[in-house]
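Peer 1: What follows is each chain in one-letter form.
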Amino acid sequence: MTEQIVFFIFTIMVLGGGLGVVSTKNLYYAALFLSLSFSGMAGYFIMLNAGFLAAVQIIVYVGAIAILILFAIMLSRKVMTTNEPQTNKQNWLALIVTPLLYLTLIFLVVKVNWPVSSAAPALDVLTQMGAQFLGGYLIPFEVMSVLLLVALVGAIILARDVEKGRE
Amino acid sequence: MEPIITWLANLLANVSWWPWPAPPSAAIIIWVVYGLFIAFGIAPLAMIVLTWLERKIIARIQDRIGPNMAGPFGWLQAVADAIKMLTKEDTTPAGADRIPFNLGPGLIAVSAVLVFAVIPLAPGIIGSDLNIGIFYVVAVGSFGVLGTLMAGWSSNNKYALLGAFRAVAQLVSYEIPMAISLITVAVVAGSMSTLTIIHNQAVANGGWYIVAMPITFLVFFLAGMAETNRSPFDLLEADSEIVAGFHVEYSGMKYAMVMIGEYVHMLALAGLSATIFLGGWRGPFVEQLYNAVPILGGLLGLVYFLAKVLLFIFVMMWFRGTLPRFRIDQLLDFGWKFLTPLSLFNLLTSAFVVKLFQPAGTAGVALPAGPLAGFGGLGLTSALLISNLLVAFIASLAVRSLARRSRGNVLKAVAGVEG
Amino acid sequence: MQNIPLTWWLSVATALFSLGLYGALSRKNAIAILMGLELMLNAVNINLVAFNRYITPQNVTGQVFAVFVIAIAAAEAAVALAIIIAAYRQRGTVNVDDLDSMKF
Amino acid sequence: MEQLFALTPLIPVFPLLAFALIVLWANKNNKLSAGLAIGGIGLSTLTSWAVIAATVAAGHEVQIAGWSLPVPWLPTAASIFNTGFAVDGFTAAMLFMVPLVCTLIFIYAAEYMEGDPRYARFFAYVSLFAAGMLTLIVADNLLLLFIAWEIMGLCSYLLIGFWFEKDSAKKAGLKAFLTTRIGDVLLFAGMLFLYSRTGTLTFREIFKPEVLDELSRMLIWGLPASTVISLLVFGGAVGKSAQFPLHVWLPDAMEGPTPVSALIHAATMVSAGVYLVARMLPLFAIVPQGTLSWVAIIGSVTAFFGATISIAQNDIKRVLAYSTISQLGYMMIALGLGGFLAGVFHLLTHAFFKALLFLGSGSIIHAVHHGAEHADDHHTDPQDMMNMGGLYAKMKRTSWAYFAGTAALVGIFPFAGFWSKDEILAEAWVQWHEAGSIGLPFWAWLAGTLGAFLTALYMGRQIGLVFFGKPRSKAAEHAVEPGNRMTVPLLVLALFAAFIGFINVPFIANGWLHHFAGLVHEPAEVLHLEAVPFQISVALVSTAVALLGFFLGWGMYRNLKAGQQDPLARMLGPVFTVLKNKYYVDEFYKFVFIDTTVALANFSAKFDYDWVINPIVNFVGNTGRLLGELSGRIDTVVVDGMGVLGTARLFKWMGRELRLTQTGQAQNYLLVIALVSLSLIAMYLFGI
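Chains as they are written, first to last, in the working numbering: chain P, 1 to 167; chain C, 1 to 419; chain Y, 1 to 104; chain W, 1 to 688.
For the record, the hints were derived by calculation from the structure and aren't laboratory data. Here the structure is a predicted model, which means the values were calculated and not measured. Worth double-checking, as some hints may not be accurate.
FRET-style restraints, in silico, Cβ to Cβ [what the hints assert, rightly or not]: (1) P:A120 x W:A682: 36 to 44 Å; (2) W:A57 x C:I386: 50 to 58 Å; (3) W:K28 x C:P341: 19 to 27 Å; (4) P:V153 x C:L296: 38 to 46 Å.
On the chain P side, residues computed to face chain W include the following (Cβ under 8 Å) [unchecked claim]: (5) L93; (6) L95; (7) L100.
C-beta atoms are modelled at their ideal positions from N, C-alpha and C, and glycine is treated no differently.
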């Protein structure tokens, strides 16, 4: 019972946040809703025995991505604060397609007989993850680090002020 | 904590005048509510005490007396200030976004208070022993950034916005060396749980980490100061440049919340530093006393802990009293070009040393003992100290050559102007 | 944990995914589209972790994958925002409708 | 004491650290660089002693089975590849020799290299080299050994070509690198075979009886796997240890500074090949009459043939270089006959006395060079023995040290070489008598004894030419003894050259080294490792031969006058010319390999350009052009008019219509993707 209540609270955060992101006209609010949604997701992860992931979620999504998005919104605030409609011409089509997709997927979710296991959750999540990162998934892990480095360098080069770079 | 809850549950079950027996969960709820009460009650109290302390200390540093009229040593001055703040008119600027404007200060204060969940105050007293303890600290710190940003943007004031910009640049930059130095600690301790970290700082296990890892401590403490916006890193509220930064539009209780956030953050940083680097509640006789008479041992531990916390708080105030403020480019240079590489390099050498001294164990896979594992905790401590000093030496050489080069450039430029 | 069936998590993830998709499809502003994409990635993460918890609770492969997804999302966000800032600086707009010089 | 073993991984670290510090930081300060290098290797020496002490204290089991520290290093799909360190009796014996000799040479070099513009760099290179050698010794697997092996190859290249302003030095470095490369490739191939067959490269695991047994039964190219692999490994050793036919690089390597010659080309690096063979001996021996015979044959040939060349050389260092080749041949003889300890023992003693001789020759060259400068004479070659003479009176310390080294090399009782060389000859002798017929052991014994005679002859010749008689040039007249930093290491080494043999004298402690290091391969159960009893007849024969040879050489050359013809040349005539030109092996290689390759390349070029390929190409091209012109006509009329242009018009029309779907808006595309996936899922769900 308690768990269900907690689940619903987080669901309201996640889905309400998500709804806010796609429906509000003010992008600044959208970003705040986004971080609300991310925080709810961290709660989900705690419920799902993934405490480490919850912390990562907060650090990366709330602490970095949402902040970056807010920052970008602030930097381009001249074009952000408009009263024009924020949706494009295919809005009506999207409004038809996405609910349909949702319904199909829900149908799928309900129809499939998931092989749920009743085993107790792992206790040593952290050590297992560490062993997997430096064991079986070593190469993806290293590739990921290279990817992040490349993204870092690329982002700096892209966002650098070209005029200043020339002097 | 278990014994306390059991005791509470027994007490509740045996209340004679209450017709229905209380369920066991009631004890937990009472305990949690009590904890919340303490956590959020201490925050304003801490702010009152610390403002008074700060004014006195800064005054002494500046050869003044400081508040001395209201009450003995002027300590009622802080209470008076608090009352004034509570009774002031709470204004909201006309163009402000109301909801984020009101949420921001709360988020700042809450993010600071949340840190205390993983700081053990005394043996046996901890909010929650998370196995990702110090990682959690970094995570909740993110909410503070968000709060600052909300406050700065929604004030609809250019100074506040500038403050928010600076906040993002500074807080996000300094999160990195701080996280890396915490990772260094986690590597050395082999765990992120604060309890394990304190356990590993027993003398038999190698002693306080500040001895083993002075560089890590320095990086952590400096980055932490920047995270708390303390002088000399108080750029986002620099009153002489951007009035008061992101909280220029706040008044009354909301201003008090921002202030509470700042001071509790300071307290949290001091508490964390004490926990991670000075062994937390560790001190002579604590454990012996705790094993004999738990309550006395706990109290003694609390005293040691508070003493260490006050030491760090004093150091922070001392910094504020003596150092001028950074310029924003210097600040970012310092973070990205000095602290971050230093902490990375330090992480590398520390990990290497730990690998040498690591005893055999299992972490998902079986780990063999390091070749020098026979030397034990003290060997690890001394080797880490040596490697830290080595890193410091190399860093000082690098800084020296860089400084010479830039001084040379300046001299050249000056000569060019004169010539 | 058995109080909450797996399908609930999956339904929430699906709903979040659809919301994100709608955002990515219908918004004009590049940053808003990016936010929609982030929502979709997060929906995937919920799925991964929920499957991990319910179907193979004894190992943590799902969480490992979630970490990879998060890392890639971070890289993607950084590059995307850099592109948006650059586009804003050069064109003065972040509307994707106006950024169509690749057309024809 | 057990804990001291944990220091093993640190042994190679100190010189490596010294290398890094010199290269990165101290390269502007000569004194500091030399100090760092000497300090690094000195620390290694002390650490090695601690490890040796632990090995001695640990007793028989550890000396045989060894202490090891596996480090899981490379997780592969199926297993984890372990690298790591190991110490057993054999390793400990090597650990006594290598760092000590290195330290002495470093101290010597600190004075010898003075005034060189690349002084610091020299010490960086030799430190890296020492790190490589020490890693090689303490490695517990072939891969780590191979890495160290290659580091040494690189250092050897850098150090031989150290004075790269000289064209000959540059070429010698390149030659050494390329020649040893042939061996390295063979060794690498052997390693790959071994790993693919056994899944491990750790020595202890390869030498388990069951693994060896399996290796001897598996076939590669119709031969037992162990034979193929050990032949390939032996190929590596032939390259590194300068055995015939890959010996050609070693004499040329004398272009490097003399401490390098002593360090690399006498004491340590060339013995790496012997070390490798000794280490891998069970694999060689598992199939009887297999690779071991080849080791013995190559060893015998090299031992005899190196000694013959040596008697006709005039360059003081070249004499020693060919002597080294010949002595390495002796070690290979011992190993090839299964005499593990005899080879190892000779390896140890040889390192000491050959390092001594090289350093002594360096001291002489240094002195003569000084003398030449003093006499303002820049044409005399300070390395040519014909320009020396009568140096005994001027350089007492060097002379006595040199005499000790010579006595050890020639094998005079009771110097080190006597014991070690005799054990090898005794091994061959005993095997010959056991076999009862004239076979490989007899020929090995004969080659060894003749080689011993020749060794004595060329050393007598050298001593006579260098130290006795009257000075044959101004330079030699003005030669002076160098300073303490050069002479003290010489004296220390002389002490070892004289007495190191006693660690394995049969009469003392029953051959102590034999019990300490000789039983390392016992667990593999394929070698017969018992000591050979002392053979008085062998000892008498070889001593007689040695004394005869020595006094013959000494007597002939003692009073040689400047400009006089070489007495041996008079006696031997054309044979001497052949020997002086090293059997024309270099010329043979140049003729067979280099000239052939060049000729083939020229031929191919001619073939390509002038004779066959180009004419064909041109013909085809011209034909094609004609055909093309023809079809061009057809094209413009038929294909273009109807086919191409028609199709083009069709596609142009289609493109004009279809390009409207390409809006340039990613969101449109995304919508299409969503629609398509929606319909796909729906099709799946409703089973359409």
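Peer 1: Taking the Cβ atom of A120 (chain P) and the Cβ atom of A682 (chain W), is their distance within the range 36 to 44 Å?
Peer 2: With Cβ atoms ~38 Å apart, the hint holds.
Peer 1: Do the Cβ positions of V153 (chain P) and L296 (chain C) conform to the proposed distance bound of 38 to 46 Å?
Peer 2: Between V153 (chain P) and L296 (chain C), where Cβ atoms are some 58 Å apart, the hint is violated.
Peer 1: Given a hinted range of 50 to 58 Å, is it respected by the beta-carbon distance of A57 (chain W) and I386 (chain C)?
Peer 2: 29 Å, violated
Peer 1: Take the shortest C-beta to C-beta distance between L93 (chain P) and chain W; is it under 8 Å?
Peer 2: The hint holds - L93 (chain P) has a Cβ within 8 Å of chain W, the shortest such distance being about 6 Å.
Peer 1: Just to be careful: measuring from the Cβ of L100 (chain P) to every Cβ in chain W, is the smallest value less than 8 Å?
Peer 2: Result: holds, 6 Å to nearest chain W Cβ.
Peer 1: Can the suggested window of 19 to 27 Å be confirmed for the beta-carbon pair K28 (chain W) and P341 (chain C)?
Peer 2: Given range 19 to 27 Å: holds, Cβ gap about 25 Å.
Peer 1: Please verify that hint: L95 (chain P), Cβ, nearest Cβ of chain W, below 8 Å or not.
Peer 2: 11 Å, violated
Of the hints listed earlier, those the structure fails to meet are numbers 2, 4 and 6, in rising order.
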